[in-house]
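Kindly produce the complete structure, drawing on both the sequences and the hints.
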Amino acid sequence: MLTRKALVLSLATTFAWMACTIVIAQEGGGPRKTPIAGCPPVSRDFLPCAKAKAAAFKPARNPDGTPNMNGAWNPATANGSQNIEDFPGDAFLNPQITLIVDPPDGKVPYLPQWANKRQDNWDHYIDPLGTCYLTGVPRQVFAPRGIQIIQAPNVFAFVGEFAHQYRTIPTDDSPHIGDSIRLFMGDARGHWEGNTLVVDTTNLTDRTWLSISGHFHSDALHVTERFTLVDADTILYETTLTDPKVYRQPWTMAMPLVRFEKGHEVWEEPCFESDHDLPYLLREHKLWIGLNPPN
Amino acid sequence: MDRSQSSKLKADLPAFALALRWVRRGLGGGGKVRLYDRLGRLTLTVVALLVAAALPASAQSATAARGGLPRMWDGKPDLNGVWQALTTANFDLQDHSAGLGVPAGQGVVEGNDIPYQPWALTKKQENFRDRAKADPEEKCFLLGVPRTMYAPYPFQIIHSPGYIAVFSEYAHTTRSIFMNSEHPPGPIEWFMGDSRGRWEGDTLVVDVKYFTDQTWLDRAGNFHSEDLHVVERYTMTTPDHIQYEATLEDPKVFTRPWKISLVLYRRKERNVRVLEYECYAYAEQEQARRGELGPK
Numbered sequence: 204m205l206t207r208k209a210l211v212l213s214l215a216t217t218f219a220w221m222a223c224t225i226v227i228a229q230e231g232g233g234p235r236k237t238p239i240a241g242c243p244p245v246s247r248d249f250l251p252c253a254k255a256k257a258a259a260f261k262p263a264r265n266p267d268g269t270p271n272m273n274g275a276w277n278p279a280t281a282n283g284s285q286n287i288e289d290f291p292g293d294a295f296l297n298p299q300i301t302l303i304v305d306p307p308d309g310k311v312p313y314l315p316q317w318a319n320k321r322q323d324n325w326d327h328y329i330d331p332l333g334t335c336y337l338t339g340v341p342r343q344v345f346a347p348r349g350i351q352i353i354q355a356p357n358v359f360a361f362v363g364e365f366a367h368q369y370r371t372i373p374t375d376d377s378p379h380i381g382d383s384i385r386l387f388m389g390d391a392r393g394h395w396e397g398n399t400l401v402v403d404t405t406n407l408t409d410r411t412w413l414s415i416s417g418h419f420h421s422d423a424l425h426v427t428e429r430f431t432l433v434d435a436d437t438i439l440y441e442t443t444l445t446d447p448k449v450y451r452q453p454w455t456m457a458m459p460l461v462r463f464e465k466g467h468e469v470w471e472e473p474c475f476e477s478d479h480d481l482p483y484l485l486r487e488h489k490l491w492i493g494l495n496p497p498n
Numbered sequence: 008m009d010r011s012q013s014s015k016l017k018a019d020l021p022a023f024a025l026a027l028r029w030v031r032r033g034l035g036g037g038g039k040v041r042l043y044d045r046l047g048r049l050t051l052t053v054v055a056l057l058v059a060a061a062l063p064a065s066a067q068s069a070t071a072a073r074g075g076l077p078r079m080w081d082g083k084p085d086l087n088g089v090w091q092a093l094t095t096a097n098f099d100l101q102d103h104s105a106g107l108g109v110p111a112g113q114g115v116v117e118g119n120d121i122p123y124q125p126w127a128l129t130k131k132q133e134n135f136r137d138r139a140k141a142d143p144e145e146k147c148f149l150l151g152v153p154r155t156m157y158a159p160y161p162f163q164i165i166h167s168p169g170y171i172a173v174f175s176e177y178a179h180t181t182r183s184i185f186m187n188s189e190h191p192p193g194p195i196e197w198f199m200g201d202s203r204g205r206w207e208g209d210t211l212v213v214d215v216k217y218f219t220d221q222t223w224l225d226r227a228g229n230f231h232s233e234d235l236h237v238v239e240r241y242t243m244t245t246p247d248h249i250q251y252e253a254t255l256e257d258p259k260v261f262t263r264p265w266k267i268s269l270v271l272y273r274r275k276e277r278n279v280r281v282l283e284y285e286c287y288a289y290a291e292q293e294q295a296r297r298g299e300l301g302p303k
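Protein sequences appear in the order of chains A and B. All the letters of the first sequence, read from the start, carry residue numbers 204 to 498 under the numbering used here. All the letters of the second sequence, read from the start, carry residue numbers 8 to 303 under the numbering used here.
Honestly, the hints are just simulated from the structure, not real lab data. Virtual Cβ for every residue (Gly too), placed ideally from N, Cα, C. Don't take every hint at face value.
What the hints assert, rightly or not - Output of the computed footprint for chain B on chain A, the stretches with three or more beta carbons under 8 Å from beta carbons of chain B:
1) 296-302
2) 327-336
3) 360-374
4) 381-394
5) 435-443
Structural data, given as C-alpha cells:
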C-alpha cells in the first residue's frame, strides 16, 4: 500500500543516496560526527565554537563591501528537515540531534494547549512539502538539497531547489508590506550588523511546517535569522521563532551551512508539475490547510 | 534511460514520482556534469583573463560610462529590479481581435507568422479548441520560456555577475541563468529549460534548451516540442525599459526559426515587490474545502 509513510521512507533512502554523491557523508545513517569548520557539528556545541571563529574571520567581500556569501549551500546536519528535535530514528525518519539551542532542553516550547498537536499532525496530515507547497520560513534554509545565495546591490536572495522556491530580501531599509498580505514565504527585510546578515520575516501564514515530523506555527510567526561566515566554506545560521499563539517563548535553532563542491548548481525540480501521488497520500492523511482551516 | 522510458516510469509509478526525481538529481550523471562544468569554467576563466588583459584600461572605463544606464559591479547594465511585460502576448502571440475575456491585441511575432509544419498547425488548432482545459496555465504548471517573460505577472531579476535569477510571481517560478558556462550534457527535460547567459556588449544573451513538450507559448494554443531551443536577448534601452527578443527554433514543429520582440517595463511603485500566486495550492485547498479532494 502506498502511504505517506512509504513515501517518506523512500525519500529518506534517497537522502542517504544523495548524501553519498555530495560531500557530506552520513556516518552509518546517524547524525554527522565529523567536525565542520573545526567545530563539533551538533548545534549546541557548534554555535559557541562557530561564533568564536567567525569573530576572527575576515571574509572575502563583494564590491559593495558586504561579505561574499554567493554560492550553493548545504544544511549538512538538518537531514532534509525530517526533524528538528532529538529523535532516535525509526522506520520512517532518520535519527536527529536537536537543532534547537534555546531553550536548553532542545525542544519546541509549545503552549500547553498545543502539546499534542505535532503528533496529531504526523498521524493525520500530509507534510506541506509532500504536496509541493512552498517551504515557508525558516524551513527554506534547511529543506532538502540546500539553497543558492545570490547577492546584488541592496538585495540578498535565495533559490531553494526543492519545488523551485525563492525568497528575496531587500537590504535597503525599506519597510515591510501591509500586514493583511499573507505569503507562504513571508515578507523578508534584511540589514547587516558587522559581518552578519540579519533577516526579519513577517506576513507569514499557518500553511507551512518546520519539519516532516509535523512541527508547526501559526500565522503570528515572526522569524529572525542571522547568517555569518565562519570560514570561506561555512555559514553559521541562527534563527529565532516568535509566535505567541503557539509558543511559550521565542526559541532558537542554530546549524552550519556548508558550501557545496565547486561547480554545484541548484537545478529545477518541477515538483507539483510531475506529482501524481496526492490521491494516494489522501488515503490515510489529510491536506494541511492551516491551523484553523476555514469551513 | 531515454525520455520516453523516463516519462513512462513517471506515469506507472506515481507514488514514487517524487523519489524518482530526487534519485535522478542525485545519481543522474551528476559526477560527470560536475567534472565537465569545472573544465568548462576553467577554460572560460582563462579566456576571460586573457581578453581582459588584452583590453586597454581606457576601453574598459569607457564601457562603464556609456549609455546613461545603471551599471552593475562589472560594468554591465544593471538589470536588478521588478519588471513586467504589458502586452496581450499571453493571450495570443499573434495579432488577434477581442473575444469574451480576451482583449484585442497587436502581436509580438515578427511578421506575425508562426511557421508551423502542416501537422503542427492542425495541432495548434486543436489546442485552441481545447484551451480552456488543455492550457498548462489552467493546470497551474510552470509556464516555460519565453512565456514566463510575458505572462501577466511581475518578476524580479536578481543580477549578480556570475548568476542571474528571474523570480516570477506566478507559482514561484524560478529561472537560474548561469553565466559563462556550458549546458550540462543532455537530454534533460525541464519546464524552464537550462539557461546559460553571456554578454555581447551591453546585451545579455541567454541560450535556453532542454525543455519539456508540456508547456505552451500562450493561451491560444501555440506550442513547441521538447526540442525547442530559445535564444533570448535582453537590451536595456533606458533605466526603466528592456527590449526583449527571443528566437525560437524547433525542427520538430516549425519550418524555420522565428522571433518575438516586446518591451519589459520596470515597476516603479513605491516599495513594490513580487508577491505570490500559489495557483495549485489554492486550487487544491478549495477542492479540499468542498470535500472534492479525497482518495480515488
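Quick rundown of the hints versus the structure:
no., hint, in the structure
1, 296-302, "violated (count 0)"
2, 327-336, "holds (count 4)"
3, 360-374, "holds (count 9)"
4, 381-394, "holds (count 5)"
5, 435-443, "violated (count 0)"
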